[in-house]
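As given, the protein sequences belong to chains A and B, one line each in that order.
Oh and the first sequence: position 484 is 524 in this note's numbering, straight run, nothing missing.
Oh and the second sequence: position 50 is 76 in this note's numbering, straight run, nothing missing.
It is possible that part of the hints are untrue.
To be verified - Heads up, incomplete: computed chain B residues facing chain A, CB under 7 Å, no partners named:
| hint | residue |
| --- | --- |
| 1 | 45 |
| 2 | 49 |
| 3 | 94 |
| 4 | 118 |
| 5 | 119 |
| 6 | 123 |
| 7 | 141 |
| 8 | 144 |
| 9 | 147 |
| 10 | 245 |
Stated by the list, open to error - Each computed SDA-like pair below joins lysine to any residue, with the alpha-carbon atoms no more than 25 Å apart:
| hint | chain 1 | residue 1 | chain 2 | residue 2 |
| --- | --- | --- | --- | --- |
| 11 | B | 226 | A | 568 |
| 12 | A | 547 | B | 170 |
| 13 | B | 214 | B | 182 |
| 14 | B | 226 | A | 364 |
| 15 | B | 214 | B | 237 |
| 16 | B | 226 | A | 517 |
| 17 | A | 547 | A | 568 |
| 18 | B | 226 | B | 186 |
| 19 | B | 226 | A | 547 |
| 20 | B | 226 | B | 195 |
What the hints assert, rightly or not - Covered stretches of chain A, as calculated for chain B (at least 3 residues, CB under 8 Å):
| hint | stretch |
| --- | --- |
| 21 | 385-394 |
| 22 | 438-449 |
| 23 | 505-513 |
Keep in mind that the hints were calculated from the coordinates and are not lab data.
A virtual CB, placed ideally from N, CA and C, is assigned to each residue, including glycine.
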Amino acid sequence: MTRRRWWLLALGVVCVAWVLGGEWVSIHRGVPENHFIDALGGLAFLAGGLIALDRRPGNAIGPLMIAFGMVGYFGNWGNLNLPVLPLLGVSIGQWAGAPILAQIALSYPTGRLRTTFDRVVVGLIYAGAIGICVVILLVFDPRSAGCPACAWEPAPFPSGPAYLAATSFYQRGGAVLALLFFLAVWLRFRRATPAERRDLTPLWVAVCVIALSYLVGAFASPSPLADPFAYLMWELQSLLQISLPVIFVWGLLSARLARSAVGDLVVELDRPLPPGELQASLSRTLRDPSLELLYARDGQDRWVNARGQPEPLPGPGAGPGARTVMVVERDGRPLAALIHDPALDRGLVRAAAAAAGMAIENERLHAEVRAQLEEARASRQRIVEAGDRERRRVERNLHDGAQQRLATLALSLAMIRDRDGADPAMAASLARASAELRQAIDELRELARGIHPAILTEEGLPAAVESLADRSSLPVGVVSDFDARLPEPVETAAYFVVSESLANITKHAHASRARVELSRCNGTLRVEVRDDGVGGADAARGSGLLGLADRVAAVRGSIRVETPPGGGTRVLAEIPCNA
Amino acid sequence: MPDPPAPAIRVVLADDSVLFREGLARVLADNGFLVVGQAADAEALHAVVGQAEPDVVVTDIRMPPTNSNDGLLAAQRIRAEHPGVGVLVLSQYVETRQAIRLLQHAPQRVGYLLKDRVSDIAEFAEALRRIARGGSAIDPDVVAQLLRGQGEDGVLAALTGRERDILALIAEGRSNHAICERLFLSPKTVETHVGSIFTKLGLLPAADDHRRVLAVLMYIRNA
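Whole structure, please, built from the sequences with the hints as guidance.
Below is the structure:
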């Protein structure tokens, strides 16, 4: 037992004495009411309040519950024929309960009133109650309240009619306060997250029924003891008030139930999970469909989901969209972040995270690997694209520079040759130079075309593939089911698949013809190159096929080579092209 | 050699290289052509063609503004807006597809040649004159590519070696008369060969010099 618990125990003993003593007074004085229900109401609130104080130290709900449970017994004690007590009984004992209950209802479960409107409503209810208590303390006259034999000293200005008028006015004014209270509850319900609604609905239903019964009772009669209907309402209030601490304890118990769900989680995690399944498991366990699980990257202040895709942590915020972030750490390093509904019990979230520790660590490693793979792929794609850009630039420079100059030079040589009167030896030299120059131009043209085919940039993949087929030394059939442009990296990768494959066929396949098929289906470009050659192509021979595989993988594609001996070779590349 | 009786053929040149344009202009002037305008890009070319009323336009395929196939597009537009103006497209690379597209668009008064063909001045001048007269000039590389693509066992296997030579010259856009001179054959012999080729390929022999180019090219391509 901690010191704190001793204090709680002492408080409990005092309160139990207060309740049972009050009940003893009522029985002794023959007050017509159900003493069992009356005592149970107070004790239930006391028990609930003590449990709340124990579990949630610092939370105002516990003290408020105990206060609510206790104030009603001023009424019981007021039946003692002693000074002051009867006055407190008819004032505090009768009227102080409602504002406390309103405060509990609107501040549950944190114990804090969240909005200004909530604070104003609770403040008004308190002000009303304090007002009526002050009036009663000033004007109450026990004789006019049906107890002529009572020997209490009266209030400073005893007046029966004034007392009746004041209580009647307050009860009717109380209807307005009750409506404000309902409005506050409704507003809070609208703002609440799904998890909050689940937790709070039973409480609010009970509180609203109680408030309604106050309202109905208020219009029935100003004096509950005089009217059977009002008496019934009063008993109903008592019964419902017992249910309130039960609901609160049930809330605690439901956290217990969720803790046993954490046990189920441990069992569930004792098998390999597909990626992303851990988030679903935690979401089920904590009953928060909006729960998200992000993983910390190694040595970086960045977060990724289970698929390794980067995602930002939500910043601290307020309002309906606010999320709570709980960072799971190991050895001081962040492992993962649970992003959950702010209404979830933090201890429970921590318990679930602890139970899922191994699985979280495991999935974080997977996510890390996926993120690194994706980074490597993106980096390869950037390298390939940079290379292609450079090739295009070189080709353009050759075209606009060297090739253009050589063409001009050829023209100049031709002009000199064309002139009459040149001596034959000079003419022969010029002719040789021209022939050399033409050879150089042809070679440069083939070089430039190999660096980057201009027609691919100008007219797209099908045209460029047809051009390849036109220049191939063996007949190549080309079939294409589209003529549209595709993203540049896709076109380039596909072009090199065809050109490399045709070069291989020419060199090694001993084929009589080849066929290229280009087709687009469901956002995937399919490139197929087939020949009727000897087959048995060796993927390891030269870097050609390997280089192709790298190129295609850089644009998230795949390549397959089927080459049965004697059965020709088939190269099939599939490249996603979201166009 | 200039043709004295006919008026000089009016030519507009388009190329983004001033050096090449000036050189070509001099060569053409020396060979009896009248260079009536020059342009450095496709837009300027359209303006010059509208004013200078040329017989033939010689344009590079790759020019500003996009440095892509602007020359080809300009050629098609000129053919559409000025049907009487012939167009000769020059390119650093010859692409069969581009040649066919040009011919399909307008089977007459067009040419498609490798850029360095200009250094064979006599041949180039002859091609220009052919286009001005309503004929066409297709680069021998294009024709060779097409013929090679048919392989050894295609329909063309039925032709004799001499017939293949003549088929290639027809595909380049040459007239029977030009084929006679080139192969040192009599007109009668050439006519016989041409008739034989058309019969073997199942083409209509009635096609005139201008239209038979496209017919032959399409036939070879689709064979």
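Hints that the structure is at odds with (numbers, increasing) | When the structure is compared with the hints, numbers 10, 11, 14, 19 and 21 turn out to be violated.
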